Amino acid sequence: MGKLIKLSILLTVLVLFVVVVFSSNRIDDVSSNIEELFFNVKNKNSDSRNIGEASPQNFGRGLSTSDQQHLGEVADPNYVITFPKDHYSHASFDIEWWYLTANLADEEGNTYGLQWTLFRFRNPNAIYSSGQEPLKSRTDSNPKSRPKAEQSSWSNEHIYMAHASVHSDSKHWFSEKFARGDVGNAGVGKTPFKLFIDDWLWQSPTVSLLPAKLTFNSKLISNHTNENDAYQNGVNEKNANIDDVSYLSVQLNLSNTGPYVLQGQRGYSIKSADGKHASHYYSAPFIEVEGTLTMSDSLIFSGHHEHNSPKNNNKENETVVNKVEKSIDLIANAKQIAVSGNAWFDQEWTSQLLDQATLGWDWLSLHLDNGDKIMAFQMRLKDQPNYITGTYINADGSSTTLMPSDIELNAIELTPVGNKELPLNWQLRINSKRLNISIKTTKNDQWNPASVTYYEGTVAVSGTHNGEGFLELTGY
Amino acid sequence: MASLIIAAAGLSAVLVINSSAKQSYSSEQQFLIPNVTHTITSNSSTLKLTKENYSDLRVKGFYQLIAVAQTKQHIYKNGQRITQRRIDFTGIDTFSLLTLPRFSRPVPLAEQVGSTTQHKAEMGVASDEPNQVIKQLSFSNPTAVLHPQLLKQLKYAIDNNEDDKTGSQAPDNDQDIKDSDVNVGLADQFTTQSGKTLTKLSAFESPALGNDIIMDIAELYRLYPKADLSMLLVVGELTKTQEKVLRHLLPDYLQLSDTIAGERDSELTSSFHLNLMAMALLMFVVCLFIVVNAVNLLLNSRLIWLKVCRQLGISRQQLFIVQLVEILFLTLLASLIGVLLGVELAKLASPTVQATLENLYSVEVGFGKVSFIGLLIQVFGICLIGSVCATFIPLNKLNHQLAQSKDMPLSVTQQQFWNRATWFSFGVFSGLAYILLNHAQALWLLLIATALVILSGCCLLLANYPSMLGFIQRFIPDRFPLLQVSSKQSLALSGKTKIACCAFFIAATSNIGMNLMVDSFRGATVGWLEQRLAADYYVYNQGEPNIIELAKGSGVAVYQRLENYTSFQGKEIQQFSYPTDEFNQQAMVFYDKSESENLWHQFKQGNGVLVNQQFAFGFEYNVNDVIELPHPSSAKVSSYEILGIIYDFGNPYAQVLMPLDMFELSKSKCCIYALQGTESQIDLLRENILLAGFDPKTQLLKTKELLALSMQAFDNTFIITDGLNVVTLLVAALSLACAIIVLMNDIRPQNMLIRSMGVSALKTQLLALFQYLLLCFVALIFATPFGILLSWILIVDINYQAFSWTYPLIISPMKILQIYATSLLVVATVIAIPLFRAGRRPLIEDIRWVN
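So the sequences go chain by chain: P and L.
Residue numbering for the first sequence follows this note's numbering, beginning at 778 and increasing consecutively.
Residue numbering for the second sequence follows this note's numbering, beginning at 111 and increasing consecutively.
Source of the hints: derived by calculation from the structure; they are not laboratory data.
Remember, predicted model here, so these are calculated numbers, not experimental data.
Some hints here could point you the wrong way.
[To be verified] So the derived label-pair ranges between C-beta atoms look like this:
(1) P:861 to L:336: 34 to 44 Å
(2) L:160 to P:861: 28 to 38 Å
(3) L:162 to P:1204: 50 to 60 Å
(4) L:748 to P:882: 33 to 43 Å
(5) P:947 to L:349: 21 to 31 Å
Beta carbons are placed, not taken as given, at the ideal position from N, Cα and C, and that holds for glycine.
Pulled out of the complex, with its shape left as it was, chain L reads as follows (with noise of 0.2 Å):
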């Protein structure tokens, strides 16, 4: 029951903030304008994108764009701040939407027969809503529009800035933000931070809504008069000539990228998806090996009873539906329960681990509206499916049970029909993991391979229990005939304890194939970092103050990395430069590099180029192979030979490099300087900063404190992997706790047995402890090598295939040991509960019990 409430909350909280993120994601470009196909937007620091460039291309004959103009602000009411979080203004030219096609489409009068909704409709004028939220945006009084949650966070805000004493609450429905005419008595209240008005706020309910308020872009500039114009939207498809034209006419320092950016940044939010997914699952799947255990639990106390209605004459279908039934409502139950515990888990979330998610997987969580009442019935019935699933195996036991009438062990060829299926299944896994791992590229596929490596991991451990723990009996000196009643009686359990034996393995594996990928990605992280960040000092900005200038005069050395963007084959990528001299060379750290002597001679004279994995793999190309690239300052298409594929990891963009002196500054952007020089020569420059207005202690990072803030970074993000690993452990040992409390009633017998002969009942509790520990560790010696496995093809395969780049597999064996340590501690703790409490029960009720 508790495991399935575990079960159902952990899945329905995944689902409410997977549904909100990938809700809010689509915000991320569009606002509330479908069908965006292109933005452009300024790839210079110094020329920003203006009205003049807007109306220049409008006039030109491109009016599907859309100018937008965004700022982050907070707001505020008699000169306090309200907010806790920066609101993101958004503006958009309403004007120029109207005119287009989503939004009017002018009908001929002869059509519009009958009432103007019901013609609307039959015309199929493309939803109506955003429509008229547009129109109400540019022509009634200025409005801005928000979500209902938002307005509600800020209504709240304000009544609690108004009566700290009465303590108000927030609003526990949206029903009162809808009733209450807030949208007019709030707007007088809120001011920016030089004190003008807002305009009336507007809820509007839509999943493309998050933490922003939207309106016209007129109204934005009158709120916020320095606000960038941030990008121009292009609504809808362009033709090829329109697309040849429109970058024609685009001035050097505007970029047009299709929205393949956007995709890229969805691939990141898919795969925080499928994290998160994935998690849920897994979760779901171990739990559902403990109901499996739980049921068989129940059965097993049932027997008896069980037995005694079948003397009675009840039918076997009567008592299966009747347990299907327990089993229904206490899904129901449970999932009921895990729901409310999930969307509470949810709301947790939020805000505070919103903010994080934001920062860490860079997708905007917004408020998705979620029905309860659907999410019960998916989780439910998910719940539903898996445990009646569950219940299968032990029904399908007991059907066995009730069939005879005594219990049977299985006979020889019953015991080897099992192991020839095992060795069959573990062929058929393997056989099919291998070919999926050779020739699938979809993620999914690769997904499904693992988990194919890890279920013939299981058939394997299946088929091969018996002699290992006999192998392992052998070294077993026979001074200590306990140990080896005990190990000769883990040989019996193992035929029992299948289920949860094979959770235990999956747990394992997972846990040391996650931890060694970690482990190796850490490893190749600092490695790399350690060797790039080979400047002394680093300053992050873009443009002011100018560092260069400052620097004149201290004697540091100081180099500039220009970025420019471009388009390689269709898609978005980075064309930064990097400095040629020995030291930067030195620093440079390859995948791969040309044999030839003479690289950093032909990258220096722009010959050839670096690149990363990103691209490598990307685009599929290989060192010494030529590509056809803009130059980064006269965008003139030449070749350049590949010299070498550097690693560049967590970078979402394919990155060329290229010779500093090929980049002006007046068309690329700088925002990184390193800088090289003794103490005294970066005092001199910090002196320098100081002079000329700035703060030396946000500009400046020491590379230490640069690599200390990077691997912090680091280890945050994979926190959750590691609360995961944990949690996976203790769901399979306590999977293995439930069939032990099944399995104690097996060897009661035998205990009693070896207890009446005097051993003391905390030696037996202990020799019990020894056989469990004993399979978890045969279970961890065949989790090692599919461990390795899986970590060698979530780096290799898995995210070759979903981020372009991959890393060295570092098998640790401290790490390794460290894994088994943690996994047995955490078995031993969980099963020695039921142990030692069958371990209190005096020698006499076993002895009545058998009799």
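This is chain P alone, in the form it adopts within the complex (with noise of 0.2 Å):
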């Protein structure tokens, strides 16, 4: 009887054993299940583009239009750029941005790069009601002819994207938004001018660009004591309480002490030998920034815009709120950080830009110590030499545009970053101005892993001259 029991038992024990083990395995056989159904649906749907991927990639290839044939409204070389008017949107060309690198630096001494971006992309997917079909499938070339995106009341036919990237000695910060045209939170205001997405804001007093405020907060997404270590020994080492939230939240003061310079040929800008790749382009290299950085364990509100919910026209509830966000300040064990130091501006619309021939570009916004500054670029071309051009701006905010033939920039070597070979260290002479200058990153990951990637990076500028300023890979 005993064993009876005991069999009773074993058999028992196994059966729930049996059981056990297979629903646990039921569970992993759904979600391959579901795995394999996602891949199958991702491999359907391989012609569409893949943003994330970290293969080598054209900048922002996969938010717009790419095809030569249907293009935005193309650059014009007559056109005569004017303010403010050209800092608004110019919703007719496909692509366009309004982007401010800055190095800054503390009351210690500390150096930091900043970068806050706002792109306007056209959707390639806007259906529209002619025909009902992608813009990119229309062999309608003219632009003034072609048809509406098909209403609706949360899209246009725009999309914007923003990133914001802060770099510290060890650390950085960076965060990436989208919104589509049409809803509300994202645009360009022109009275007074204003670029926002979500709460990050460029606001003018006035209807020109500059003097602004910019507010923005970042992520914390690196975090490296020692990064020579970690990349030298080529160890992928875990960055240190990165899975603790943390956040930086950027006020800055921008103010112009110089002239808006129009790059190429008054701002039409040429970026390949044929001339087939333009845009319109323009920069405030003269920016003088004064602000705070303050880092915190959780998200401060930064959004300071002009509000129409019926509860913010009433004064007691804004103190609630301003109370509030006092009181986050302390909760947060925020440290403010005050920084100054200089920035460039740029900004630059085109529809010739983001095409198959397109491999990426180079480009380099420099601060000489002597106030001068110095804009140069390399456009990678499929099937045609590198289009190397640039500005030299004097400390008068006069300038000069670079042909090919003046300018000589070369990469010395690749570095390897993470799973990637970079060049990092470039070599640039201009003879004219007497110039010959080492350009070196002043910390090797400066790449931002965003939906779109692409190297955004403080550079030591020694030789001939020395200075600082930003270097910008995309394309790899």
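Relying on the hints, combine the two individually framed chains into one complex.
Below, the structure written as structure tokens:
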């Protein structure tokens, strides 16, 4: 009888075991089924752009139309850029950006590299009322006669993307935002001038671009106390405390101390030898910046928009919100750092940049210690020699366009960063200016791991001239 | 075998339905979006959530908000509707989702070593699939995501539409859908009612998807420009300060509710699961009773053969193992057939029953993907444990029988021991039940307590069977010697049919308990509805047409109920208006009310409120307690005294009633109007409604019709319970019948003797029937108090804990008698079959058998 009991117990335990094991396997089965199906879906849609992949990728290619035949408005060499009109959006062009880079330092001499960009892309997937097909499959190349996107109260044909990136020696804060036009949370305002996406805001008190106040926040994505060790040893060192959510809230006052500089030929910037690639492009290289970076454990409300909701007209409520904001400063253990430095602003709009021939570009903006500024870039094109051009801007604001024959720009070596090899050391020679400088990034990993990935990082200048600036690498 | 099949079928059907209902519930709030903690919705019927509200909040820093728009629509092809049920079209602002931590976790390049996939795996980027699906929704050509099963249904609908003559079939397996490039082909064929072509459909297997199609919000508005923005989802936790700021920023007509509301729904859903699971388990357990008896029967018939085997030198262990292996194979076969039947049953249950279930329990029944082998192993496992346990008892008995050369009755000491053990078990069970019922709060503990009460009932019955039967015997006059013999025999029988009698007792107790509960609930609901629905007519609408305007001049008195939803102690509660005139005062049904005479005066003055049981029990308040509530129109928080606690059956929300004049139409929703007037006045209003372009038939509901409608809904809800009761009884009777077949052998000598004395076969069988019915009758007598106790526990404890409301227990003797009659009838019918079969056996066979 005892054996019978033992046998029954054994059987029961066995059955229980099988049930438990199998039910846990079932969960795996389900998830693997989902995975399998997903890959089916993904493979079927392989023609759709994989915007999140780390393989060499053309900048912004996934977000805008890239078919040569079906472009938006084409840049016009005879177009005269006027302000403030041309600070605003140029909706008929496929792509446009408002791009700020700043080399900042705090009172203790720590340096910070800061980038804030608002991109506008024309949605390649907008469905058009006549024929109901995506723009990119249409053969009508005349932008004026292009049909309007089919009405949906939740989208016009524009997509906004914004990137905010701040580097200190050891940390990288980075955030990305997306919004569609016509919803109301992103766009360009005219009176007064503002650029905004959610609570990231470039707010000018006037109709002009500058002066302005820039507020945004960004999330800590990397924290290497000893960066060089991590890279040089090739060790994939885990970030210290990266799982603790940590934010950087940025408030900057931007003032313009020099003129706007029209790049290329009066703002018509040619990007390839055959002239097929061109954009409208102007810069504000003389921006002085002062402001605060606030590091905190939780997000600080940075939005200071004019609000329209009934409650916001109510002063009582405003004070409540302000009080709460102040209390957040206290709660969040916020650490405030005063910073100042030089910034460079670019606005560029075009429909002729993101085509199949464009492999990418290497772009430099440099603030020399003597007050002069340099913009230089190399366009890398398929089956064509690289196209190098730039602008030399004197401290007084006068500028000279550098034709390919005036400028030598060479990558000295490729530096491995993660799974990529990037040209982080450059040599720039402008004989007419007796300039021969080496340009080296101040930190290796200044890669923006966004949906559209690219390198945007601070550089140090040495040689005949000293200075600082920014290097942008796309298409790697 | 059959009972095992039934058990397995029931179990697997319930498992399948349960899992699909469970899986699809998650889709209710979240679509494909995980970690939704709050929602923002409009609580006004006039002011809706707008795109501006959304962008305004995002611009102020709340970019964890995701806009969601929904609309229920049919799908068309060539202008012809092809869907039976409307499909939920959901549009999500995928652009906002893209940058949420869940979907994008930027990783520094220096840490990206090796392939992207490997890297992603290393960094644990959460669920790549939804991430990619969302990206697909926003950036590739417009795409809509739906469950493969729904796509299959749509394809089937379209095929059917196209060639009715060829009678095309729905694809038999999912593979057809995956392989054929329906994604591209089908979308061109589907249109909205207005003829706009639907976007490319992409099948995506996710438990979160049910009868819905998810797409980007811009796409939804392109297809359905009039769709309402239904809610803003808050993804991720809000800090206290964030929540505070958010509440301040929201206009009055928008409310932030945490997903507690969702949890409430899920509580309802879990009670649905509990209900189903309890049904399945009860069915399973009762089936096991049959298995016990069946195995008993089997072994009994093999007893001689087994004894021979023993004499041949085969060890007892070997014999048992052979028996167990046989049971194992039988169980495997039964579970296989059972699972097949069960899956078919579950398939039958959808989609027709799907819609019913959705309405009854407000759950979404989706397309649960259940692995057949997994289900089989689960069911087989449970069945095997059950049947091994069930076999154990008869095997134990067999062990005794094989050990003895002669079947010996229990000795007096043994009998005393068993008797004491039964009484002891009764004491333990009832003591435990008492402690649990008095102190336990958790629902599952209360359910265990209920089970303990029933078990203690079983013990009491077993301990008292002999004395009770002896007691009955005394009332049988000496004129009926046969009846006396028969009742004596039933005394002997009771010792041998313990398990069957217990099964019957359990069935009868739960039958009485459930019936009394439903009866009391029904009575309470009818009384409550009749009193509360005091007006002549009711109108349910969302503000269109404006009944107050239309009723002007018709002389009809209109009382409107204004509704607010507000938060109390972190939970969402209803804040409804209640008219204060004499007529409506009379209509109120109180569970408990303040002693004060000027209750209604205080209510009118706005000093006090009435709360429903859900509120009082949920937040633990009594009459005369003071609570702090926001004013329905000014939102200013003040103190109110609880003047009374009212009945509010079936409402999942806690509710506070306040006088109508504290509400403002601009800030509150109005969905119900009560109308009072003569027939001619109502006719006048009817004409007005017709003139305003609305159909008075759909607008005006006569109170009697409303009452009938409500009670019909009520009865429908309990059809399942009724069905369950009958099934339980039947199974108990079957179990008894099995026991009888076994016992038939035991009483063969006595029967033979009676028959040889000249009593007819029919009479003997009738006498046997009498014996069993007597046993059942005694069980019923014992079951009655336990049944009443059970319904009392169900109403006062379980209902209170599960739903926060109770109602008075109504014990109707008629109902109990009715249950007696039905139970005995069912038992008589079932056991009559083996009895009469035995009765047809010629006397000589029995005589031969004894000799």
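Hints and how they fare:
Between residue 861 of chain P and residue 336 of chain L the C-beta distance comes to about 39 Å, which sits within the given range of 34 to 44 Å. Evaluation of the 28 to 38 Å hint for residue 160 of chain L and residue 861 of chain P yields a pass: the beta carbon distance comes to about 31 Å. For residue 162 of chain L paired with residue 1204 of chain P, a C-beta distance near 54 Å keeps the hint of 50 to 60 Å intact. Separation of residue 748 of chain L from residue 882 of chain P is about 56 Å and departs from the stated range, judged on CB atoms against 33 to 43 Å.
Distance hint check for residue 947 of chain P and residue 349 of chain L: the Cβ-Cβ separation is about 27 Å, which falls inside the suggested range of 21 to 31 Å.
Violated hint for the displayed structure: number 4, the only one.
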